[in-house]
Amino acid sequence: MAILSGITKGMSLTDARALSRDLVTEKATPTRDNSRLKQLALWCLRFSPLVTTRGPDDILIDITGCAHLFGGEEAMMASIANHMKSFTLTARFGLADTIGAAWAAAHYAQSDHTIIAEQEQEDFLAALPVSALRLETGITQRLNQLGLHQIKEVLRIPQAPLTARFGTNLVTRLQQATGKAAEVLNPLQQPPDYELRHAFIEPVRNLELISVALGDLTQKMAGLLTAKKKGARRFHLRLFRVDGHMEQISVGTSRICHEASHMLLLFQEKLSSLGAEIDAGFGYDLMTLSAFEIETRQDEQSAWTTSTENLEENFNKLLDRLSNRLGVEQINHWQPAQSHIPERAFKYVTMTTPTASSGKEASNNASRPLLLLAMPTPITVLAEVPDGPPIRFEWRNKQHHIIAANGPERLAPEWWRHDLEGSQQTRDYYYVEDQDGHRFWLYRDGLYERPKDQPRWFIHGFFA
Amino acid sequence: MAGARRRELKKLKRQIYKSRIQQMRGQHVHTTFDDLQKKGASTPTGFFGISSLDTALPNGEITAGAIHEFFPASYNDFPAALGFTLCILQRLIQQKTMQPPSILWCHKLDRTEFPTLPYPPGLSFYTSPTLRLLTVGSRREEDMLWTLEEGLSTDCNSLIIGVNAGTEKIYDFTASRRLSLRAKRTGNRLLLLRPYSAKAELGRVTTTTAVTRWEIASQTSQPVKYINARTPVPGNPRWQVALTRSKGGKTGNWILEWDYETFSFHLASLLADRKSPARPQPRNYPTNTLTTERLYRTGN
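Protein sequence lines, in the order shown, are assigned to chains A and B.
The working numbering puts the first residue of the first sequence at 1, with every later residue one more than the last.
The working numbering puts the first residue of the second sequence at 465, with every later residue one more than the last.
So here's chain A without its partners, still in its complex pose:
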């Protein structure tokens, strides 16, 4: 309509309004457009595992080996086009052996649906303008100034002078489009090692029905993995909505997994915890289950007794469930570290970190508190100068009178480490008890007898 009334790209809004009175305008929202495009691209994962977005409005799908699943290339393109039409999107399609040729077909071909037969991309490209080569506008303009309007004219020129005049980009693009040089499609999502799909006859909104179908899929996946003696560490469940949205739920396991029941349990927990957060929209019409990080499984002897191995397995299953619900980073155990500075003497690490066999055992040291503040809190302290124990201190607006104190325990900074932030002064630690029987661990950062130091007091921990 707009084009009919003579409005073109790059026209100012006032001019356009003058040409067409009932012009509908929308603000440009590039970031939103981009994220929507990405969503749509993810939804296209139902056609092929290798999908990516390019530029502001392109989706690239590598359908190598996929077309026959949809009844051939033409049928597949028709199917995608149908979906796009149902989302009220106007889209142009191009299919070719190379990314460059497919792009040119989608952007410059006469028809909306163009399929270029095998090895014919050069003939197809020949008739197109040079801008179909995905070049910067500067290069296109200069080519045009030199009278090179069509690709066939450029193809005739030897490559060396072209490179000398226009840089490597032009030649690379030319070779990529004709298939003489490789071009890498960087997929949005890593392609899975195994994928199983389940299409619903009618769109499904009910999570229970999805669970049932999921049970089916996990069984099949388990069968597949068992037959190949493999196991996977990561599984993705993808739910494709009819309106072009894709929901992805992923679970990970600490050991390689090939059991249907375990997979199902992990997914069901995820699903139930997501519950209301999942927006089913108009329903899902397809779900896929994919397995990642495949490893070959060692044969395991089934245990005769309910021995420790069984416990170990149960323990690993518990770990999987906890980490899938709460996040791997929340499940920790601690390791001693090579440092005498209290806050660096140990660290909590995730379960996946291998146990460092540093010979240093936790020392049997009764002078360390039960709880340690992650960040020492500054406090005001009344104490004898230079190195008397504290007499009174104020913390959280409360005065604590100290009736017993043990210290100082002097800890020198780690001068051999330069990568540390914060104060690098010597600390004097005191174990003190106040009038109510609360026991604290205080320290003075810096010594009074050192002219350069600026002593300050901190509270660092609590004893029971």
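It is worth saying that the hints were derived from the structure and are not from the lab.
These numbers come from a predicted model, not from an experiment.
Ideal placement from N, C-alpha and C gives every residue a C-beta, glycine not left out.
Careful: at least some of the hints might be erroneous.
Unchecked claim - Partial pick of chain B residues on the chain A-facing surface, computed with a CB cut under 8 Å:
hint, residue
1, F548
2, P585
3, F589
4, T618
5, S682
Stated by the list, open to error - 20 Å max Cα-Cα, derived SDA-like pairs, lysine to any residue:
hint, chain 1, residue 1, chain 2, residue 2
6, A, K398, B, Y539
7, A, K347, B, P579
8, A, K398, B, A537
9, A, K347, B, F578
10, A, K230, A, G252
11, A, K398, B, T576
12, B, K663, B, Y539
13, A, K347, B, R596
14, A, K347, B, I567
We have chain A already, so just place chain B on it with the hints.
Okay, now just chain B, sitting in the frame of chain A:
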């Protein structure tokens, strides 16, 4: 031929030897048992090693397959409550009522003054330093309760410690019942440290299915004085421990001292020199009237 005979002989000898050993063993056990009976053998030391406290516990033990709740008496008593919980853990390990433990430490990530994870080097004061903890943090209370439930229902954890220092909103009778049923099935214990704000006095209904409920307050320790020191040194930690619920046992109130060298509890004993001022003496320093062997009993 000779070889076979020799083998036969060897076999016989071994049999005789075995039977003798068995005999000896049997006799040995028999006599010692008799001896014990004659002497009126002292009952094996109780859980706390303090008779008044042990008799107050249900069946004289920290029951397996049940929930045990711990409250700090005030906001600042959180470390004390946690310390006492760890002492209970150590006693459990010592009594061999538990296998070398794998301990699940579930804590709620809250913005509180006190950290909810222990400082590992400081653990040696309460329990063996080789203790392995698996810590699980959860942001929401629902998640924490779920973790506790999962932990209780697998047979690979012998002990679950739950620490919530922030706020408690959904833990109630129903939730605790659910947890106890799980615990009963597997025989795991749950030591649950609840926030002080959930105490009964603060207007919340706190009926839960816990078998024991404890309330812990810090007490001034008996300071150790050294001749040249200006200030006395804090002694062993002391807590006022109130058993406010004990299913099938008795409630009571004790002042306990933890000896980290022997990993045992003592009743805090009377200070002989009451008037000895600890330097510096604060103005409102309460005279230590509670340091006594007398028991403060409440309830039945």
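Would you pick out the hints that fail for this structure and give their numbers low to high? Violated: none.
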